[in-house]
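There are 2 protein chains.
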Amino acid sequence: MGERIPHWLDKQAALHPQRTAIETPDGERISFSELRDKSRKVAFALIENGVKRGEHVALLASNSTMYAVFIHAVSYVGAVAVLLNTRLTSAEIAYQIEDANVSHVYADGRHVQVAADSVLEMNLDVHRLEHLTERKENLYELQTDLDLDDVYTMMYTSGTTGNPKAVMHTYGNHWHSAVASALNLGVHAKDKWLNCLPLFHVGGFSILMKSVVYGMPLMLFEKFDARGVHEAIMDKAITHVSVVTVMLQRLLEKLEDGTYPDDFRCMLLGGGPVPEVILKKTSAKEIPVFQTYGMTETSSQIATLSPEFAFSKLGSAGKALTPAHLYIDGKERGEVGEIIVRGPMVSKGYYNRPKREGEYLRTGDLGFEDEDGFLYVVDRVKDLIISGGENIYPAEVESVLSSLPGVREAGVTGRPDERWGEVPVAYIVVENGASLTEKEVMDWCRKRLAKYKCPREVHWIDELPRNASNKLLRRRLSSFSMQGGEG
Amino acid sequence: MGERIPHWLDKQAALHPQRTAIETPDGERISFSELRDKSRKVAFALIENGVKRGEHVALLASNSTMYAVFIHAVSYVGAVAVLLNTRLTSAEIAYQIEDANVSHVYADGRHVQVAADSVLEMNLDVHRLEHLTERKENLYELQTDLDLDDVYTMMYTSGTTGNPKAVMHTYGNHWHSAVASALNLGVHAKDKWLNCLPLFHVGGFSILMKSVVYGMPLMLFEKFDARGVHEAIMDKAITHVSVVTVMLQRLLEKLEDGTYPDDFRCMLLGGGPVPEVILKKTSAKEIPVFQTYGMTETSSQIATLSPEFAFSKLGSAGKALTPAHLYIDGKERGEVGEIIVRGPMVSKGYYNRPKREGEYLRTGDLGFEDEDGFLYVVDRVKDLIISGGENIYPAEVESVLSSLPGVREAGVTGRPDERWGEVPVAYIVVENGASLTEKEVMDWCRKRLAKYKCPREVHWIDELPRNASNKLLRRRLSSFSMQGGEG
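Protein chains in written order, with the UniProt record's numbering: chain A, 1 to 487; chain B, 1 to 487.
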């Protein structure tokens, strides 16, 4: 048994009953005391549906206030929430439901069919999230404390090889993650964080956790919508937004010549290396971008740039947060190596998989620390291209490609080559109305990159393959080679 | 073994090497990286003196930067710091050194003699704090992690009966206390906390902990000095000060007709119930006073008024902080009873004493919760006067006495009485130049208090007996009865 703390939603409802817990762009608003009452009543409904303490309850749904209510209800019951990605096929969902030993499945209206398809061959029903009516307080006992060592959520991550694995998060992982971020970014009375990331990924989920740990209002979007998010930042007293690169790009287009209000103090940018051209644009518009590094296994951020270095260390993901260790495996400062982490926000392991040896987590990401100890994330280990013995980091090549006028975004991956082992290949999405030739791209690269880093082929595609958290899936790029043709 | 986090001073030195860690009113300044280096070098000196991991090292000293260095050095060694009160006699110190199983004693120049006297009959030397010269980094291994379950400090508390007991604080107690305060008061980039409380008491010590957990500059006073503290608030960008009532009174005298700068955002007021007349004065001057409730056993604050209720719930110590429980023993809301607490900042127990039964700590303090759940601390259980079956809370009577023009401060305690069991007796310190008669005092009370609460005697004294943290020692008041005479 670990350290126990009062149930965090009970606590916020006691401390700030009238304070807004969640608001939505279409004007819905729920206070901490209302959120608590609703979540407890839904917890009773879960219990009446047969959900027991410690059982695994899957949820397949888009972001909504009801999603948040469900998440808190699960904590009142003491069950474990298995959060499923809404972009998955029914076969993928079926795998996760079986692998995670799920005993109850909930889905919102839009996803109830795919959920039902996925459990066809199992002895499971799918309940509609919207049908979870609130029940009166009754004889069932709800959790009044949270044990920081208890598992609360499971989220699947694809890992480097093989089947997806369920990352187990304890209450403590989420608690320490929220606290670590508070100690880095500060906590102000007027903070209001906008979330447009899916709640079934740790990036979005962690904002829901910050809201309930800090007692902070959360503006919850169903999904990213550049215009809506832009307008909220401009008019709705938003102080923080979490984004990935592609979202930041869209927001930059909306901002045009303006700047954000003074109270907007953090654009938290995760999801991997960022092309330099975008960082320069944000810098020119004085947007307080904080690059951050984290993954499902670290319950969101584990390193983030501190406010005071936001501009002087542009491009860096900063340093490991207060209660975390981070080092580069066996390398001198400045050299690239695998990023290794440890801390109370790091998951103890994967469900139903062998336990991790030792306390440290090998992230599978490559990075280096500069002379002042600031982390620069270079790439995924698995995305590394080794060509004639030289390392090529796709993100570096993509950054150069993205800076070419007319290029909207670019992806780079390796293709087998008899002589060099692998050679880099570029996949480019052009701006609307722009026209580029392969020669222009090659010339641009040759001026800016060592010869071995320059793409040997250029393919023009309509969209880069991304996962539900908008991360570029480089290994899928090669399937686009067939579609190629000059733009 | 508990959760382990990177050594907090290493972490701050890595995150913000140049940021000020400690400054003093006379212009001394040390950055986090300097503080780290110095503390590590002093840790090596401690090891060379024979201090081993897990051993108990006593310190008898006034506040200074070297005090802070010593505290951090102890954590690098992994020893336990036994912090002695400088107001104690050598006999009292001898008791604590023996009781705490101390193996090494350090004292600053002003206290080295009393420390030496206290160990005369023991096989111990006293080392001078100032002679702890910094040693070069060497082969000894220092702690790079802190285990939140390890004991870090011991401080003596007098308890309600019998000999003083050493409260054991783990790293986790101090960590969770600092985090709990951050989640309540917020953390801003410009925060700078002034400490004028003794570091050997938990109120002062907790500010040193906040500094190293938040990476926040601390302005360290050797002791309270109304003029110095006032000037620092006015001119030195101080944002927070921790005080007890008597200090607040002195500061109010200095402020006269002015107000504090806008950036000053928290006067944290602890140390027991506060006369209403003082709270009204602070309210009139728009001083952001946050009444707080805590004790050595709770590693400082466990309940504090939230900023948004600073004025509407004047006089309340607020609600239990985010990771803490607090309730009033077996009473309806509104009724007075003993305050019971639990949380990760609560000490697991006393050194060398039987373990506490259960998770909850009985505080020995009396309080009630109002209709909105806000805590009002009424008095110490042991100070309660029971007269003819009625409860009299000395603090309530003192509050009425303090509001009488000409009264500087007042203390009330019980005296045995054949008919009533006990009756209240007042001890009054008059303002300079003021003159009052017993009749005036009696008349003032009779108009404002039920008859049984009115003092039966009035004694005029020069100063109220207080302990080193300036708490009123009511049980010592009766020894002043002999000195009485009209003022």
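In short, the hints are calculated from the structure, not lab data.
It is possible that some hints are incorrect.
No distinction is drawn between identical chains; accordingly, a pair holds when it is met within one copy or between any pair of copies.
Unchecked claim - Listed next, the in silico DSSO-like pairs over lysine-lysine satisfying Cα-Cα at most 27 Å (straight line):
(1) 313 / 41
(2) 52 / 38
(3) 136 / 331
(4) 41 / 285
How the hints compare with the structure:
Taking the shortest Cα distances, residue 313 and residue 41 never come within 27 Å of each other, neither inside one copy (48 Å) nor across copies (31 Å). For the identical chains of this complex, residue 52 and residue 38 are intra-copy neighbours only, at 19 Å inside a copy versus 54 Å across copies, given an alpha-carbon limit of 27 Å. In this assembly of identical chains, residue 136 and residue 331 lie within 27 Å of each other by CA distance solely across copies; the values are 26 Å between and 59 Å within a copy. Within a single copy, residue 41 and residue 285 get their C-alpha atoms no closer than 46 Å, and across copies no closer than 45 Å, so neither meets the 27 Å cut-off.
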